[in-house]
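Colleague: Okay, here's what each chain looks like letter by letter:
Number of protein chains: 2
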Amino acid sequence: MTKPEDPRLTATRDYALENSLEILMSDGLLAVTHNAVSKATSISRSTLYRHWPEVSDLRNATFKKATTPPGPTESQTNGPLHADLTWLLNFLVIALNDTPWGQVAPQIVASAATDCDAQEVLAGFIGDRLSRVEEVFHAAVNRNEIPTSTPISDLATMAVSVPYFRKLIAGLDIDAKWLDSHVSLLCKLANSTKN
Amino acid sequence: MTKPEDPRLTATRDYALENSLEILMSDGLLAVTHNAVSKATSISRSTLYRHWPEVSDLRNATFKKATTPPGPTESQTNGPLHADLTWLLNFLVIALNDTPWGQVAPQIVASAATDCDAQEVLAGFIGDRLSRVEEVFHAAVNRNEIPTSTPISDLATMAVSVPYFRKLIAGLDIDAKWLDSHVSLLCKLANSTKN
DNA sequence: ACTGCTATACAACACATTGTTCTAAAGAAG
DNA sequence: CTTCTTTAGAACAATGTGTTGTATAGCAGT
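Quick note, the sequences are listed as chains A and B, same order. FYI, in our numbering the residues of the first sequence are 1 to 195. FYI, in our numbering the residues of the second sequence are 1 to 195.
To be clear, the hints were calculated from the coordinates, so they are not data collected in a lab. A quick note: this is a predicted structure, and the numbers were derived from the prediction, not measured. Some hints could be false.
For chains that are exact copies, the list does not tell them apart, and a pair is met inside one copy or across any two.
In silico lysine-lysine, DSSO-like type, Cα no more than 27 Å apart, as pairs [said to hold, decoys possible]:
#1 Lys188 <-> Lys65
#2 Lys64 <-> Lys39
#3 Lys177 <-> Lys188
#4 Lys39 <-> Lys177
#5 Lys167 <-> Lys65
#6 Lys64 <-> Lys188
#7 Lys39 <-> Lys167
#8 Lys167 <-> Lys64
#9 Lys188 <-> Lys39
#10 Lys64 <-> Lys177
#11 Lys177 <-> Lys65
#12 Lys39 <-> Lys65
Make a model of the complete structure from these sequences and hints.
Modeller: Shown next as structure tokens:
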């Protein structure tokens, strides 16, 4: 029942966002403006203002595009825990290292401090990520691979927070080798929290 | 031998930075401008430009003021581990919750993504924090409170990264009660990594 | 208190950016 | 072909950034 959109609308919108995303990654959030996008795309300024009346609209749209879920839609819970965790967290490492998300995340963190929309985007995305990791731990408990007393929520937070912290805050690398040792430690911790 | 500075210089500089810091905390980094500070302080715009020729100078000065080390200069390593960690991490919780640092940190994280100076400020501050936590763990090892095989560096990263992650990225609260359970988990983990 | 020096206030200015509005032309849909 | 919508382009106001020049007020040394 929804009549298809005018192809011109989608065309300019997609083309503009493609380029605004590139600007965001290379020059940061505050470089994303109607003027900059206009120069990069040769789309008229007035047209851009027609699509996104304010700068904040344009920027929101841009990093909403940048946060298209870099990760799996379903968790892999076949076990063993080490494999599941590696598989899952590897998506996070890749996202942070090799996709727009890694470049955009810091900007969103900053926006979230003052902007409610950004806060919601970020919390939603992070919450989703956390619950996937929790799923994996729960599955391990159900397989009797780790004790029932495992503080799943805490371990999941640790699993996710460390890569974010290293990459965004501490300025440390996160690579495959680091990930392996990180996951190994998590597994050991999960196994040793019995009593 | 250094002649004392003209009192007028220090007066206006201090007064300006005081207010620019407030602007930074309430409205974010990009709200810190010569105009805004001028309006807030009734200091002439030209005077502000005299002190900080460019916006970036003003902003750098502002968040350099905001990052006066919120924390102890020396770690407390009397033991037990739980007490030392609580004492130390409590400074971090307070800094994030009740000082300018908590408001400014997200902005610096964003700046660090593109700006080298900010990256250095951040890395230095974080590295300092991490090494203090490591000291505490080392002391516990020396007291034979936790095994020698304890992965100190990893645990220290976890100790610090989780509060940062919760506060800055996940939008979760960090209070005294949470800190207690966090520290308890860390102690348990340190104790159970024998094998 | 007088004199030279420096910081500040104020106003005027050039310039870039943000955002609005109007008109004409080009494309889509019937 | 006709009608509606989108776009391009230019002109415009408003604001923000950064500069310059001048007059005033406060600091230091004599």
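Colleague: Hint by hint, say whether it matches the structure.
Modeller: Results for each hint:
1. Lys188 <-> Lys65: neither (38 Å within a copy, 42 Å between copies)
2. Lys64 <-> Lys39: Classified as within: same-chain Cα gap 22 Å, cross-chain 35 Å, threshold 27 Å.
3. Lys177 <-> Lys188: Answer is both: 17 Å inside a copy and 26 Å across each meet the 27 Å cutoff.
4. Lys39 <-> Lys177: Answer is neither; intra-copy 42 Å and inter-copy 53 Å both fail.
5. Lys167 <-> Lys65: Answer is both; intra-copy 21 Å and inter-copy 25 Å each pass.
6. Lys64 <-> Lys188: neither (37 Å within a copy, 40 Å between copies)
7. Lys39 <-> Lys167: Close neither inside one copy (32 Å) nor across copies (38 Å); limit 27 Å.
8. Lys167 <-> Lys64: both (21 Å within a copy, 22 Å between copies)
9. Lys188 <-> Lys39: Answer is neither: 54 Å inside a copy and 57 Å across each miss the 27 Å cutoff.
10. Lys64 <-> Lys177: neither (31 Å within a copy, 35 Å between copies)
11. Lys177 <-> Lys65: So Lys177 and Lys65 fail the 27 Å test inside a copy (30 Å) and across (38 Å) alike.
12. Lys39 <-> Lys65: within (20 Å within a copy, 37 Å between copies)
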